[in-house]
Amino acid sequence: MSGLQVVVIGAGPAGVRAAEALVAHGQRPVVVDEAPRWGGQIYRQPPPNFKRAKRLLYGFETGRAEGVHGAMAGIVERIDYRPDTLVWNAREGELDLLHRGRSTTLPYRRLIIASGATDRVLPFPGWTLPGVYSLGAAQVALKAQGCAIGSRVVFAGTGPLLYLVAYQYAKAGATVAAVLDSARLGDKLAALPALLRQPAVLAKGLYYRAWLQAHGVAVHEGAAPLQALGSQRVEGLRWRDGPREQQLACDAIGFGHALRSETQLADLLGCSHAFEPLQRAHLPQRDAAGRSSVASVYLAGDGAGIMGADAAEWAGERAALALLEDAGVTVDGTRAHVLEQRLARVATFRRGLERAFPFPVDWAANVPDDLLICRCEEISAGELRAAVRDTGATELNRLKALTRVGMGRCQGRTCGVAAAEILAHASGLPIDAVGRLRGQAPVKPIPFSAGAA
Amino acid sequence: MSIERISTDVAIIGGGIAGASAALFLRRRGLGVVLLERDLCGSRSSGVNYGGVRRQARPLNQLPLSQRAHGLWGRLRELIGIDGEYVRSGHLKLARSEADLAALEAYRELTRDSGLGLQMLSGAAFRTRCPWLGERAIGGSLCPDDGHANPRLVSPAFARSAQRLGADIREQTPVLEAGHDGQRFVLRAGGSLEVRSEFLLNCAGAWAGPIAAMFGEPVPLTAGHPAMTVTEPLPMFIDLNLGVEGGGIYARQVARGNCVIGGGDGYALDVSRARAGSGAILAILQQAGELLPALRHAHVIRSWSGTEGYLPDRQPVLGPSATTPGLIHGFGFCGAGFQLGPAVGEVLAELVCDGRTSTPIAAFSIARHTSAVPIPA
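Chains as they are written, first to last, in the working numbering: chain L, 1 to 453; chain Z, 454 to 830.
The shape of chain L in the complex, shown without the other chains (with noise of 0.2 Å):
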């Protein structure tokens, strides 16, 4: 570490083009990230022993992700780069990091986080069972591994990841059941006009859909799994198609509702946060820049507040440019200008990707008494029912220390959503009014052996 001593946490596209901007203003940042290679979740490479060529593994965001890991791979001799390394815990001026069981503390004076997002979870009965899979984790067994959930899938949830990766799925051979999605085709269409802002990203998404149906998958809208079927395993589902219930045979499902951002090294470190609407989610709040309300902190990428891929590359330099600007480094106002007006522009388009796939909100209301909602802990929506009505909790941490929802494994990370859905729902206090759980380290779980002398 030299100069400014700056760490970004993260090498996706936010984290890789913010070191870029900075190597290019003479800085040596400490790149810390916890996946072994560079290129995040979106542009995740596999290991190195597999071939499976980039244009299989990325599709059409091919030039995206071979620019992105390009431009790792040409400052990687210029960073102090930190592969397969969690930032468990942070504080103002040091990282606590965990590296092969191992616990050192990294300081920083200035810190980019770009944290990136996980997928948004909304269980349904029977989520638990084998053979039950995040949309998020199906693209990364696809990516990473070269493997498929299953050969027969069913894609269920909303979000433009629904159709990116029952795409992927067709395209690598696996049978893909049907897709659900929960928005319907009204959605869609009103939200046209924002959608038009981004209109490439707006053609490929069309392009998914067309070439699934052109190919024989069925795709429905207004749809919703009821059921996940099978005692072992997977083995169908039932689902909802309008009023109406169906069901059908499939050994795997991928389920999301988009994303939520990791938000927890920004909370640990006291960046302020406000609710989204948008995002139906509270998120450390940044300026245009990427600035949160510490000093010294800069925000980049989907940990922030879900932008995309392509956002999160020209928020990575524009947190870096404000970074070394405020430090009283000299940079292209110009280029800063710029990246400013395409955020703002991608702001526009995500308004119109949630009004055409937006949350469901009814979702919480109709979710059975016996649907686990907190797996690591095992709370089922009754239970938090039942609490919030014993005990008039009206708040996201009561209810956790009352029923321990969001205090095992995931600390929330997954449960946290539906959970909150839940408790607003059962209190009819509005989803903005019942909190967001605090974060507390370790940010994930870490081994004894961390505390070793």
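Quick caveat, the hints were computed from the structure, so don't treat them as lab data.
For every residue, glycine included, the Cβ atom is placed at its ideal position computed from N, Cα and C.
Errors might be hidden in some of the hints.
FRET-style restraints, in silico, Cβ to Cβ [said to hold, decoys possible]:
hint	chain 1	residue 1	chain 2	residue 2	range
1	L	E77	Z	L722	37 to 45 Å
2	L	L429	Z	E588	50 to 58 Å
3	Z	G568	L	A386	35 to 43 Å
4	Z	A556	L	S231	52 to 60 Å
5	L	V361	Z	G635	54 to 62 Å
Stretch-level coverage of chain Z by chain L, calculated; a stretch enters the list once three of its residues show a Cβ under 8 Å from a Cβ in chain L [what the hints assert, rightly or not]:
hint	region
6	604-614
7	725-736
8	740-750
Please arrange chain Z on chain L, whose structure you already have, making use of the hints.
Here is chain Z on its own, set in the frame of chain L:
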């Protein structure tokens, strides 16, 4: 904004286990109670502590109060309507040296008539009883009827139970001003609440100092932040609440299988929030790995801390004010108040109703810390 005025027999500041159980026992004696809690009842130290319910290792002068609490814990379900995961697992204080064993033996001698029933374990009998303990531990002192409970559940349940009996519980209602107008206590709280009462109980935990100071008896109360961690669920193996002679870690395993392990100090984020800190977390991991070898392949999934009130002599303040008749304190339990909580509440209720208590508490008088001069009326 119009002011809401309430008149009652007893106002209680603080909805932790002490204040909430005082509310419960006062309602059982039929007195009017208003409890003012600035956050949520049982959400601070009372709800986030380790969960130890032990008498062993307390100073001798706390044992009568602790024994009284032991009896109340035995009636927990009757008192609060839930079992709160309370188990009388036994509490084992571990020795890592012959000197530790000697200290534990000396404590057993001193407490022989206190009803703790301590049993010394060492040698083969110790290994047979606790085969899951590492070589660092060479013996210990077992208090068979001590145990542990879930503070997240128990402490809020005391407040709910008091509320069911008619206590007026006001959450998210911080006390802004407290005084006495010559006839009654007058409290201004929250946005627009004014409470007048004949008695005032100061059960404000780590934040009780300013309340005492308002009545002319400042105390050297400081905040401490014990660090806690918890593992993923593991097969059951720790069937005791564990402590270590001379300090270090303490550990218990809950019915679900998670091991709760505390030790060392965290740090304050601000006046009301605290975190464990990575130094304390890593020290816990290291020590627990030595003492409990089965943990070596386990993971810690969460850490936390709280804000607890400490006095220099590591004894609580419990008893009447030295300056103001009708004001009674119950705070500063120095990280060991969870077990005492129900008895503290019952003693406070006795002091209000009877003007005296059957439990010796003279050692905990606030006067030991203050050269207080009564405020002229």
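Item checked: Beta-carbon spacing of E77 of chain L to L722 of chain Z - inside the hinted bounds 37 to 45 Å or not -> Holds, since E77 of chain L and L722 of chain Z (Cβ atoms, about 40 Å apart) stay within the stated range.
Checklist line | G568 of chain Z paired with A386 of chain L, Cβ distance criterion 35 to 43 Å | finding: 39 Å, holds
Checklist line | Outcome, coverage hint (the region 740-750 of chain Z, chain L; C-beta under 8 Å; three residues) | finding: As far as the region 740-750 of chain Z goes, the hint holds, because 6 residues have Cβ atoms under 8 Å from chain L.
Item checked: Verdict on chain L covering the region 604-614 of chain Z, criterion of 3 CB contacts below 8 Å -> Check passed, 4 qualifying residues.
Next item on the list: Using the Cβ atoms, figure out if V361 of chain L sits within 54 to 62 Å of G635 of chain Z.
Entry: Distance hint for V361 of chain L, G635 of chain Z holds at roughly 57 Å.
Next item on the list: Indicate whether the distance between the beta carbons of A556 of chain Z and S231 of chain L respects the range 52 to 60 Å.
Entry: 57 Å, holds
Check: Taking 8 Å as the C-beta cutoff, is the stated coverage of the region 725-736 of chain Z by chain L satisfied by three or more residues?
Finding: Held - the region 725-736 of chain Z has 7 residues with a Cβ nearer than 8 Å to chain L, which meets the minimum of three.
Check: Does the hinted range 50 to 58 Å hold for L429 of chain L and E588 of chain Z at CB?
Finding: Holds: the Cβ-Cβ distance is about 54 Å, inside 50 to 58 Å.
Hint compliance for this structure: no hint is broken.
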